[in-house]
Amino acid sequence: DGGITQSPKYLFRKEGQNVTLSCEQNLNHDAMYWYRQDPGQGLRLIYYSQIVNDFQKGDIAEGYSVSREKKESFPLTVTSAQKNPTAFYLCASSPRGSSGNTIYFGEGSWLTVV
Amino acid sequence: SQQGEEDPQALSIQEGENATMNCSYKTSINNLQWYRQNSGRGLVHLILIRSNEREKHSGRLRVTLDTSKKSSSLLITASRAADTASYFCATDDYGQNFVFGPGTRLSVLP
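Residue numbers (this note's numbering), protein chains in the order written: chain A, 1 to 114; chain B, 1 to 110.
None of these hints come from the bench; they were simulated from the model.
Quick reminder that beta carbons are idealized off the backbone N, C-alpha and C, glycines included.
Do not take every clue at face value.
Stated by the list, open to error - Going by beta-carbon spacing under 7 angstroms, a handful of chain A positions derived as facing chain B:
| # | residue |
| --- | --- |
| 1 | P39 |
| 2 | L43 |
| 3 | L90 |
| 4 | T102 |
| 5 | I103 |
| 6 | F105 |
| 7 | E107 |
Produce the entire structure from the sequences given, and follow the hints as far as they go.
Structure (structure tokens):
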């Protein structure tokens, strides 16, 4: 089945620790995105990538890092510099940019700081 | 930069009633899309309307777009308990990103 796979579904982070959220897509999409969603809130863009080996900061990139070494993979690292990382993280992809295209989402990953 | 703003923030209706939610945005758009999110899940695409379209239908969904007022509405007819979810509008800033509003939380009571 084609789609976007995020893992893990639930992740706990200790203070001062970096954690990485995985996102893999087999839709052959060029563009990939990471969003953060706080409870009862909308989506805020963290990073996006239009092509392999290139990515841009979104509205809330501080404390996060990404890589795009392969077309199908776009992992997100939540670093210790992110002071309030507890949230629901959504990975998404679209065929090429946004113009006229639909964006497809994974099932999300819950990150909790303990 | 938040482009779309849904209204109302929350809506409760009885099963069988119609649900209407609105989205306003600030700048010119290429198209506008509506998405649905069940609690704790990813977003699912519902419908896309282009800037040169005024109305679009898909099953029990009806979307309108008024570019002069920079607004869109989503109507769900004959609602069901399974329609309970959050609904988001997303605007296309001509090629780079999708910008999502804060969403409307719809509760359909049996």
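For the hint on F105/A, does the least C-beta distance to chain B fall short of 7 angstroms? holds, 4 angstroms
Does the interface hint hold: is L43/A within less than 7 angstroms of chain B, judged Cβ to Cβ? holds, 4 angstroms
Taking the least C-beta to C-beta distance, is L90/A closer than 7 angstroms to chain B? holds, 6 angstroms
Hint check: 7 angstroms Cβ-Cβ cutoff, I103/A to chain B: holds, 5 angstroms
Against chain B, is P39/A within 7 angstroms by beta-carbon distance? violated, 10 angstroms
May I ask you to test the interface hint for T102/A with respect to chain B, counting a Cβ-Cβ separation under 7 angstroms as satisfied? Hint on T102/A: holds, closest Cβ of chain B at ~5 angstroms, below 7 angstroms.
Under the criterion of a CB-CB separation shorter than 7 angstroms, is E107/A in contact with chain B as hinted? With Cβ-Cβ at 5 angstroms, under 7 angstroms, it holds.
Of the numbered hints listed earlier, the single one contradicted by the structure is hint 1.
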